[in-house]
Every structure is written in C-alpha cells, then in structure tokens.
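Chains C and E, in that order, give the protein sequences. In terms of numbering that gives the first Met the number 0, the first sequence has 22 at position 23, counting the first letter as 1, and numbering is strictly consecutive. In terms of numbering that gives the first Met the number 0, the second sequence has 125 at position 126, counting the first letter as 1, and numbering is strictly consecutive.
Derived by calculation from the structure, the hints in this document are not laboratory data. There's no promise every hint is true.
Which copy is meant is left open, so a pair is good if it fits within one copy or across any two.
DMTMM-like, lysine to aspartate or glutamate: derived pairs with alpha carbons at most 25 Å apart [stated by the list, open to error]:
#1 Lys21 with Asp83
#2 Lys286 with Asp19
#3 Lys28 with Glu6
#4 Lys28 with Asp162
#5 Lys286 with Asp102
#6 Lys28 with Asp339
#7 Lys286 with Asp298
#8 Lys21 with Asp287
#9 Lys286 with Glu263
#10 Lys28 with Glu325
#11 Lys21 with Asp102
#12 Lys21 with Glu125
#13 Lys21 with Asp182
#14 Lys28 with Asp1
2 protein chains.
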Amino acid sequence: MDIVFSERHARHAGRGELYDGKLVPCFEKPERAGLVLERVRDSGIGEIIPPVAHGLEPLQRVHSQDYLDFLRTVWQEWVAIRGDIDALPLNWPVRGFSQRVPDSIDGRLGFYSMDAATPITGGTWEAATAAADSTLTALARVQSGERGAFALVRPPRHHAARDVFGGYCYLNNAAIAAQRFVDQVGERVAILDVDYHHGNGTQSIFYDREDVLFQSLHGDPRQEFPYFLGFADERGSDAGSGFNRNFPLPWGTQAETWFEALDEALREIEAYRPGLVVVSLGVDTFKDDPISHFLLDSDDFSRLGERIARLGLPVLFVLEGGYAVEEIGINVVNVLGAYDATR
Amino acid sequence: MDIVFSERHARHAGRGELYDGKLVPCFEKPERAGLVLERVRDSGIGEIIPPVAHGLEPLQRVHSQDYLDFLRTVWQEWVAIRGDIDALPLNWPVRGFSQRVPDSIDGRLGFYSMDAATPITGGTWEAATAAADSTLTALARVQSGERGAFALVRPPRHHAARDVFGGYCYLNNAAIAAQRFVDQVGERVAILDVDYHHGNGTQSIFYDREDVLFQSLHGDPRQEFPYFLGFADERGSDAGSGFNRNFPLPWGTQAETWFEALDEALREIEAYRPGLVVVSLGVDTFKDDPISHFLLDSDDFSRLGERIARLGLPVLFVLEGGYAVEEIGINVVNVLGAYDATR
Numbered sequence: 000m001d002i003v004f005s006e007r008h009a010r011h012a013g014r015g016e017l018y019d020g021k022l023v024p025c026f027e028k029p030e031r032a033g034l035v036l037e038r039v040r041d042s043g044i045g046e047i048i049p050p051v052a053h054g055l056e057p058l059q060r061v062h063s064q065d066y067l068d069f070l071r072t073v074w075q076e077w078v079a080i081r082g083d084i085d086a087l088p089l090n091w092p093v094r095g096f097s098q099r100v101p102d103s104i105d106g107r108l109g110f111y112s113m114d115a116a117t118p119i120t121g122g123t124w125e126a127a128t129a130a131a132d133s134t135l136t137a138l139a140r141v142q143s144g145e146r147g148a149f150a151l152v153r154p155p156r157h158h159a160a161r162d163v164f165g166g167y168c169y170l171n172n173a174a175i176a177a178q179r180f181v182d183q184v185g186e187r188v189a190i191l192d193v194d195y196h197h198g199n200g201t202q203s204i205f206y207d208r209e210d211v212l213f214q215s216l217h218g219d220p221r222q223e224f225p226y227f228l229g230f231a232d233e234r235g236s237d238a239g240s241g242f243n244r245n246f247p248l249p250w251g252t253q254a255e256t257w258f259e260a261l262d263e264a265l266r267e268i269e270a271y272r273p274g275l276v277v278v279s280l281g282v283d284t285f286k287d288d289p290i291s292h293f294l295l296d297s298d299d300f301s302r303l304g305e306r307i308a309r310l311g312l313p314v315l316f317v318l319e320g321g322y323a324v325e326e327i328g329i330n331v332v333n334v335l336g337a338y339d340a341t342r
Numbered sequence: 000m001d002i003v004f005s006e007r008h009a010r011h012a013g014r015g016e017l018y019d020g021k022l023v024p025c026f027e028k029p030e031r032a033g034l035v036l037e038r039v040r041d042s043g044i045g046e047i048i049p050p051v052a053h054g055l056e057p058l059q060r061v062h063s064q065d066y067l068d069f070l071r072t073v074w075q076e077w078v079a080i081r082g083d084i085d086a087l088p089l090n091w092p093v094r095g096f097s098q099r100v101p102d103s104i105d106g107r108l109g110f111y112s113m114d115a116a117t118p119i120t121g122g123t124w125e126a127a128t129a130a131a132d133s134t135l136t137a138l139a140r141v142q143s144g145e146r147g148a149f150a151l152v153r154p155p156r157h158h159a160a161r162d163v164f165g166g167y168c169y170l171n172n173a174a175i176a177a178q179r180f181v182d183q184v185g186e187r188v189a190i191l192d193v194d195y196h197h198g199n200g201t202q203s204i205f206y207d208r209e210d211v212l213f214q215s216l217h218g219d220p221r222q223e224f225p226y227f228l229g230f231a232d233e234r235g236s237d238a239g240s241g242f243n244r245n246f247p248l249p250w251g252t253q254a255e256t257w258f259e260a261l262d263e264a265l266r267e268i269e270a271y272r273p274g275l276v277v278v279s280l281g282v283d284t285f286k287d288d289p290i291s292h293f294l295l296d297s298d299d300f301s302r303l304g305e306r307i308a309r310l311g312l313p314v315l316f317v318l319e320g321g322y323a324v325e326e327i328g329i330n331v332v333n334v335l336g337a338y339d340a341t342r
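Model the full assembly from the supplied sequences, consistent with the hints where possible.
Here it is in structure tokens:
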C-alpha cells in the first residue's frame with residue numbers, strides 16, 4: 000500500500016507539556032514519525048510518496064473558520080508578545096463561564112483548547128496542514144482503487160474537535176478525510192478508532208450524523224484522559240442516534256478482552272456497509288507505552304491488521320498516538336503488513 | 000477596626016503556576032500576608048485577633064458538598080500517587096464534553112477547576128478553611144456592632160465558584176460571609192469587588208439572587224483574566240436580574256476613570272440599602288502590580304477608603320489580590336486607615 004509522508008511534520012516540535020503537575024518534555028515528538036518511517040521503509044510494505052496540497056476547503060468542512068484563522072495566526076501574535084517559547088493556554092471557559100471569544104491571546108488560547116498539554120509552536124500550522132494534505136493524498140489513493148493506504152503523519156488529531164485543540168491534536172484529519180469521502184463519493188464512512196485514548200474530537204464532529212459511524216476502543220474515561228467523553232452511553236444524537244459506539248476498557252485490559260470489543264466494533268462496521276473505513280491507528284495500546292495502561296503485545300497488532308482486512312473494505316489508516324518510541328514502528332508495520340497479507 | 004488573622008495562611012504555599020507558557024513561581028505567596036500584617040500592625044489601626052472556628056456549615060451554604068469533599072481529600076490521594084509535588088490539573092471539561100465527575104484524580108482536578116495556575120498543596124485545605132474562619136470571625140465583629148472589620152487572609156477567593164477552584168482561589172469567603180449574614184440577620188448584602196480581576200466566582204454564586212448585590216470594577220475580560228466572565232451585559236438572571244453590575248475597564252485605566260466607575264457602583268449600593276457591605280479588597284489595581292494593568296497610586300487607596308466610609312454602612316473588608324509585594328501593605332492600610340478616619 001502507498002504510504003504518504005511529509006518531512007514537514009518535524010516543524011511541530013513542542014518543548015513542554017503539563018503532566019503529573021510538572022512541565023515535562025512533550026511525549027508527542029518528531030522522533031515518533033521518524034521511527035515509524037524507518038520501519039515502514041525497511042518492511043517494503045509499499046511506496047513512500049509525498050503529499051499533494053489540497054488547500055483549506057477540506058479543513059473548512061470540519062473546522063470552523065474562526066478556529067482555522069486562530070491556528071494559522073496565533074504563533075505570530077504570541078511570539079511578538081512573549082518571545083520564542085511554546086504557546087500554552089492558562090485558563091478555560093468551563094461550566095459557568097460565557098462562551099464569547101476574548102480579544103487577548105491568552106483568552107483565545109483558552110477558548111480554543113481543552114488542556115495544558117498541547118503547545119502551539121512556530122511550526123504547528125505548517126505541520127498540521129502537511130498532515131491534512133498527507134491524509135487527503137492517502138485518501139485519494141484509496142478513492143482511485145487502492146485497497147488501502149497509510150497516512151504517516153503527526154501531530155495526531157482525533158482529540159481535535161470543530162473548534163477545540165488538545166490532546167496533542169490541532170486538526171482532526173481522520174474527520175477531514177471522512178468528510179471528504181462523503182462529499183466526493185457520497186457513500187457512508189466508518190471510523191474505527193483503536194488509539195488508547197478516546198477520540199473525543201472525532202466523536203463530537205459526527206455525533207449527530209448518520210453518514211459517519213464512529214467506533215472507539217479506549218481507556219475508560221473515568222480513569223483516563225480525556226476524562227469527560229468516551230462513555231458507553233454516548234450513542235449519538237438526533238439523526239446520529241445509534242451511530243456512535245464507545246468501548247471504554249479498564250486499565251490493565253489484556254488482548255483477549257480488547258479483541259472481543261474489537262470484534263463487536265467490526266461486526267457493527269460490517270453491518271453498516273460503509274464505502275470506506277478510516278482507522279485512527281494509535282499504537283499506544285502497547286504494553287510498554289509510557290502514558291497508557293493496556294497490555295497488547297507486538298503480535299497483537301498483526302492480529303488487528305488481519306481482522307480489519309477481513310472486512311473486505313477499502314481502508315485509510317491514519318497514524319494517531321503511540322509513545323513507546325522504540326516500538327511504535329514495529330507495531331504500526333505489524334498492522335499494515337498483516338492487512339496487506341490478508342485477503 | 001479589628002483585624003482577623005491566622006498564621007495558618009502560610010500552610011498554603013504553591014510552588015508553581017502556568018504563566019506565559021512557563022511554569023513559574025507562584026505570584027500568590029505567603030509573603031503577601033506577612034507584609035500586610037506588618038503594615039497593619041505598625042499603623043495601629045486596630046487589634047489583631049485570631050479566628051474562631053466556624054465549622055463546615057457556612058461553607059456548605061455556598062459550595063457543593065462534593066466539591067468540599069474533593070478539596071479536603073485531594074492532596075492525600077495525589078501525594079500517594081505522584082509524591083510531594085503540587086497538584087495541578089491537566090485538562091478541562093470545556094464545551095462539547097460531558098459534565099460527569101470522573102473517578103481518577105487528574106479527571107477530578109480538571110472537573111473542579113478552571114485553570115493551570117492554582118496548585119493544590121499539602122496545606123491548601125487548612126489555609127483555605129483558616130481564611131474562611133477568619134472572614135466569619137471578622138463578620139461576627141461587624142454583626143456585634145463594629146463599624147468595620149478586616150479579614151487579613153490568603154489564599155484569595157473571589158474566583159472560586161460553587162464547585163470550581165481557580166485564579167489562586169479555593170473557597171469563596173466573601174460569598175460565604177455574605178451568605179452567613181443573609182442567613183443570620185435576614186438583611187441584604189452588597190458586595191463591592193475592587194480587585195483588578197473580575198470576581199467571577201462571587202458573581203456566579205449570587206447571579207440569580209436579589210438579596211445579594213454584586214458590583215465589580217475590573218480589567219476588561221476581553222483583555223484580562225478570567226477572560227470568560229465579567230462583561231458589562233451580565234446583569235443577573237431570574238430573581239437576580241439587575242442585581243449584578245460589572246465595570247470592565249481597559250488596560251491603562253487611570254484613577255479618574257476608575258473612581259467614576261466606583262462612584263456609580265457606590266450609588267447603586269446606596270440605593271440598594273443593604274445591611275452590610277462586603278468589600279473584596281484587592282490592591283492589584285496599583286500601578287506597579289506585576290500582573291495587572293491599572294494605574295492607581297498609593298494615595299488613591301486612601302480615597303477608596305474614604306468613599307466607602309461615606310456610605311455610612313457596616314463594612315467587612317476581605318483581602319483579595321495584590322502582588323506588588325512591597326506595596327500591598329501600604330495600600331491596604333491606606334484603605335482601612337481612611338475608612339476609619341472618615342465619619
């Protein structure tokens with residue numbers, strides 16, 4: 000399968016995030032993509048191709064214009080006032096506050112975000128749009144008849160909502176690709192989110208929609224980031240009722256339990272008969288991931304690739320989380336290789 | 000006038016807050032109270048007396064029980080997991096998220112807070128409840144017939160809402176005292192908040208109430224923390240309609256403009272005929288305050304004390320912000336001294 004990759008991902012390199020009460024080096028770092036690239040290249044799974052520019056229009060279909068303007072311009076404003084340090088928000092409009100957009104840069108950083116772990120840097124916009132272009136380029140390969148394609152991108156995206164960044168995510172490219180497919184092909188899309196963390200952004204973007212099915216396996220939000228979304232009773236609203244499905248799983252979940260949930264998600268996807276499956280491919284379910292608590296082993300990622308392949312549907316894989324840097328390349332290649340080998 | 004003070008304020012000494020994208024030493028530090036105490040003692044304004052314990056009941060009238068339980072117990076849980084570093088939240092339930100209380104400690108820290116600038120330490124609960132007791136003790140002096148009393152307390156409180164901490168504040172003692180007066184005396188209370196920052200917590204606690212009038216002069220939220228509350232069109236809701244008044248003022252506001260707004264607030268308080276005035280006394284409107292942008296001089300604080308005195312009403316002063324540590328004692332004493340001297 001084709002792998003779409005841009006070196007511009009490295010333009011986003013956050014220096015610090017708030018974690019366990021300390022400002023620590025970012026877990027989501029450029030080395031992640033480099034290690035996946037190396038393994039993908041060694042594996043011979045497919046050709047590595049550069050992204051084609053797609054412009055802002057596909058992004059505008061998922062994100063609000065004011066949010067995109069903010070992301071595009073915030074760094075220049077920040078650096079003029081604060082100098083060359085990462086931009087981090089300070090406070091947030093939680094319950095009881097108004098939802099007006101403030102004028103000040105700190106106010107807007109808080110308004111458009113959900114956490115103190117997602118710095119905006121000088122290269123964030125460039126890297127995030129390169130990731131969007133890579134994802135849309137990979138989608139185009141699938142639309143042109145390929146059985147699968149892989150967007151090897153960072154920063155990740157599934158926490159980003161219509162006008163909220165956070166969880167290391169700025170643009171929700173899985174959602175951008177799903178929307179693009181709906182717009183261009185007119186068929187339904189299923190999104191399978193196997194990242195360890197709940198894809199709150201993706202869920203919220205399609206929550207009232209019946210043309211995009213969202214299925215997510217993740218750490219139970221009662222225990223795990225993002226804490227405030229990802230519960231089992233979130234099944235969609237309005238026309239989207241029944242088209243959102245969460246499988247929150249406890250810390251220490253082993254492969255057996257995880258695959259039971261996966262099989263149920265895959266059955267629902269099969270019954271939905273989508274024209275495309277987008278897989279939000281986080282590999283932070285791995286047992287040695289430094290910030291996660293599931294116990295999948297590297298072999299389990301091969302099983303995941305096989306099971307997805309058995310759907311017999313075109314698949315767009317997009318890289319999400321995975322922070323055990325040494326192993327993320329192996330685990331990604333295991334998924335993709337098994338997908339390719341299973342017919 | 001009597002000054003109520005407890006050394007237990009020093010039990011709360013946060014080590015770091017997120018500010019301008021960096022984790023910096025806390026601006027709200029124990030030295031603040033020490034410097035005010037020294038000046039108050041030197042001034043001979045009145046006797047310095049210790050607080051009397053008032054228990055949890057007055058706190059429960061303003062804050063939710065689950066929030067009080069959280070504040071009381073969170074440190075023990077945190078230190079058992081993370082060790083002896085300040086507890087800071089990581090992410091927040093902004094728009095689009097559910098408002099369920101998570102099980103995990105990080106989730107609950109986010110649920111009950113609004114910013115990354117308000118650490119919880121080993122002594123936070125003790126210091127915050129000592130501040131509540133001091134405020135209630137000062138209130139009791141006024142209720143027993145004194146013309147005025149001063150609660151020399153920290154941490155401050157006017158940003159704390161019913162179940163949200165933030166802005167260096169944990170318990171909203173100005174609100175606790177106002178509620179106590181309403182409960183015990185059955186007369187109305189006016190709260191005059193002259194701190195540089197909007198008292199979002201106090202506003203929200205009494206927003207639908209006609210028996211507590213809230214008047215606040217502060218930095219315009221379009222420019223200034225807390226960014227998401229404190230606009231001029233927030234006039235109260237339901238029975239409280241018309242009983243909330245904000246005077247948002249721009250950066251660089253000089254004394255003349257500030258006193259025009261103050262006079263209007265005082266006219267509204269006079270017309271309201273309250274049985275008590277609670278003054279949320281921040282002195283961070285001072286021209287050299289390190290995190291604020293108004294231009295009041297030390298003499299202006301004497302004028303403030305005089306104007307409040309001319310109301311001819313019993314006044315409970317409670318210390319809020321003020322971070323130009325050298326001068327906060329002088330400015331507080333100028334307010335109190337002028338109040339005492341004006342009849």
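Status of each hint after checking the structure:
1. Lys21 with Asp83: both (20 Å within a copy, 12 Å between copies)
2. Lys286 with Asp19: This pair counts as within: shortest intra-copy Cα distance 20 Å, inter-copy 36 Å.
3. Lys28 with Glu6: within (13 Å within a copy, 46 Å between copies)
4. Lys28 with Asp162: The answer is within: 23 Å in one copy meets 25 Å, while 36 Å across copies does not.
5. Lys286 with Asp102: Intra 44 Å, inter 23 Å, cutoff 25 Å: inter-copy only.
6. Lys28 with Asp339: neither (28 Å within a copy, 60 Å between copies)
7. Lys286 with Asp298: within (11 Å within a copy, 64 Å between copies)
8. Lys21 with Asp287: within (22 Å within a copy, 30 Å between copies)
9. Lys286 with Glu263: For Lys286 and Glu263, the Cα distance is within 25 Å only inside one copy (22 Å; across copies 64 Å).
10. Lys28 with Glu325: Within one copy only: 13 Å inside, 43 Å across.
11. Lys21 with Asp102: Result: close only across copies, 21 Å inter versus 29 Å intra.
12. Lys21 with Glu125: Classified as between: cross-chain Cα gap 23 Å, same-chain 28 Å, threshold 25 Å.
13. Lys21 with Asp182: Answer is neither: 44 Å inside a copy and 42 Å across each miss the 25 Å cutoff.
14. Lys28 with Asp1: within (24 Å within a copy, 57 Å between copies)
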